[in-house]
Amino acid sequence: MNRPDIFLSRFNKQPNDYTFHNMGNQKLYKGSLQTIILKLLESNDKMYGYEITQKVKELTKGELKITEGALYPALHKLEADGLLDVEVAKVGNRLRKYYKLTESGSKETANKLAEMQEFLKTMQHLVNPKFSLE
Amino acid sequence: MKLTETQIAELYKFTRKHYVEHYDVQTELVDHLANDIEQNLEENLNLSFEQARDTSFKKFGVFGFMNVVEAKQKQLGKKYNKIIWNLMKEWFSIPKIIITSAIFMIFYILMSLNINHNYLSILMLILALVDVFLVSKLSKKSKQRFKEQSKKYLLEDMIFRMGAFSSILVFSNLLQLSTFLKSSPSVYFKFFVASLITLAILYSYISLIIIPQRAEELLEETYPEYKRVNNL
Chain S
1 MNRPDIFLSR FNKQPNDYTF HNMGNQKLYK GSLQTIILKL LESNDKMYGY
51 EITQKVKELT KGELKITEGA LYPALHKLEA DGLLDVEVAK VGNRLRKYYK
101 LTESGSKETA NKLAEMQEFL KTMQHLVNPK FSLE
Chain R
1 MKLTETQIAE LYKFTRKHYV EHYDVQTELV DHLANDIEQN LEENLNLSFE
51 QARDTSFKKF GVFGFMNVVE AKQKQLGKKY NKIIWNLMKE WFSIPKIIIT
101 SAIFMIFYIL MSLNINHNYL SILMLILALV DVFLVSKLSK KSKQRFKEQS
151 KKYLLEDMIF RMGAFSSILV FSNLLQLSTF LKSSPSVYFK FFVASLITLA
201 ILYSYISLII IPQRAEELLE ETYPEYKRVN NL
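Going down the list, the protein sequences come from chains S and R. Following the working numbering, the residues of the first sequence are numbered contiguously, the last one being 134. Following the working numbering, the residues of the second sequence are numbered contiguously, the last one being 232.
What the hints contain is simulated information worked out from the structure, not anything from laboratory work. Among these hints, one or two may not hold up.
Stated by the list, open to error - Quick list of in silico lysine-lysine cross-link-like pairs, PhoX-like style, CA-CA up to 20 Å:
| # | chain 1 | residue 1 | chain 2 | residue 2 |
| --- | --- | --- | --- | --- |
| 1 | S | K90 | R | K152 |
| 2 | S | K77 | R | K227 |
| 3 | S | K77 | S | K46 |
| 4 | R | K147 | R | K227 |
What the hints assert, rightly or not - In silico contact screen, one side only, chain R against chain S (beta carbon under 10 Å); selected entries:
| # | residue |
| --- | --- |
| 5 | L3 |
| 6 | I8 |
| 7 | L29 |
| 8 | A34 |
| 9 | F60 |
| 10 | A71 |
Beta carbons: idealized from backbone N, C-alpha and C, even for Gly.
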């Protein structure tokens, strides 16, 4: 049923459910946000928040758009966990905060990517058994 | 099109209006909004600055900047606790452990002596009053500090406010506890109460005196922009 009451629908929704823009299947991607961020930082040395959203959009040809309301909390969480380090630079007339991987961040990235590969392989077996080689 | 100095200042005000109080959090959001606004203006030349800004803000969802602020608070709260923890550990290693155990022994022995337990309650009251005095001194200092400077960092706010709040809480609970003291408490109870009092004293000393003293050092370490902005 569609709720006419805008307030109810607004507060029933967990803020974290809103991770990506305009995605019907965003639930599928939700758990991967951290891995995506770490992977991007691994291949780009240092990046700022806006750059990350743009890069994801570009790499996925607009298929995946990270929301602002999810990106920064994820970045701050990773920073709190000691996986990211920050740098601030003056760009034009404003300050810009860059994120980069710490040493333990690099290790964690490798772990997360391995987990992701494993996950993809398992799903492949489940969803599409005839294409699996084993 | 690049945003002007005035428009950037406008964006700082905009974040403030949307409940982002601290300069460090504002700065990151302002840069993000500015990038997105510039992009919006490039794509649609007819947009005004305000329209482009509102489009960008909408992308943060119905909760606005709330999620970002919350995550930042959590992150720095963790950091603050870590700072306290590291300073606390010092008091349990040589040489400071001598002072720590002395404080512990004083309270333990006091409870073991066969004196009226009201004296201990009075002593607790005195400690609590000292605590209140330190808290009010710190809050005066923080008021002064935040009046003089327009930019307030989140960790700075925690350094000058959190300690006050939690140490008052700790001592009011201890005061309650001291009313439970009987004339001849058991060894475990004495051990427990003396440890609690010792920890409370250390905690208050660290959060009300040591950490505010080291504020500049801690802020410079946390915020790469801290020194630069304050020298502008």
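Hints, one by one, checked against the model:
Distance hint between K90 (chain S) and K152 (chain R) is fulfilled; the C-alpha atoms sit about 19 Å from each other, no more than 20 Å. Annotation: proposed proximity of K77 (chain S) to K227 (chain R) is violated, straight-line Cα distance about 25 Å (limit 20 Å). Between K77 (chain S) and K46 (chain S), the direct Cα distance comes to roughly 17 Å. Compliance with the 20 Å bound is thereby established for this hinted pair. The straight-line distance between the Cα atoms of K147 (chain R) and K227 (chain R) is roughly 19 Å, inside the 20 Å bound, and the hint therefore holds.
Proximity of L3 (chain R) to chain S holds as hinted, the smallest CB-CB distance being about 7 Å (cut-off 10 Å). Hint status for I8 (chain R) relative to chain S: holds, with the closest Cβ pair at about 5 Å, below 10 Å. Interface restraint check for L29 (chain R): the shortest CB-CB distance to chain S comes to about 8 Å, inside 10 Å, so the restraint holds. For A34 (chain R), the suggested interface contact is upheld, since its CB lies about 6 Å from the closest CB of chain S, less than 10 Å.
Hint status for F60 (chain R) relative to chain S: holds, with the closest Cβ pair at about 5 Å, below 10 Å. Hint status for A71 (chain R): holds, given a least beta-carbon distance of 3 Å to chain S, under 10 Å.
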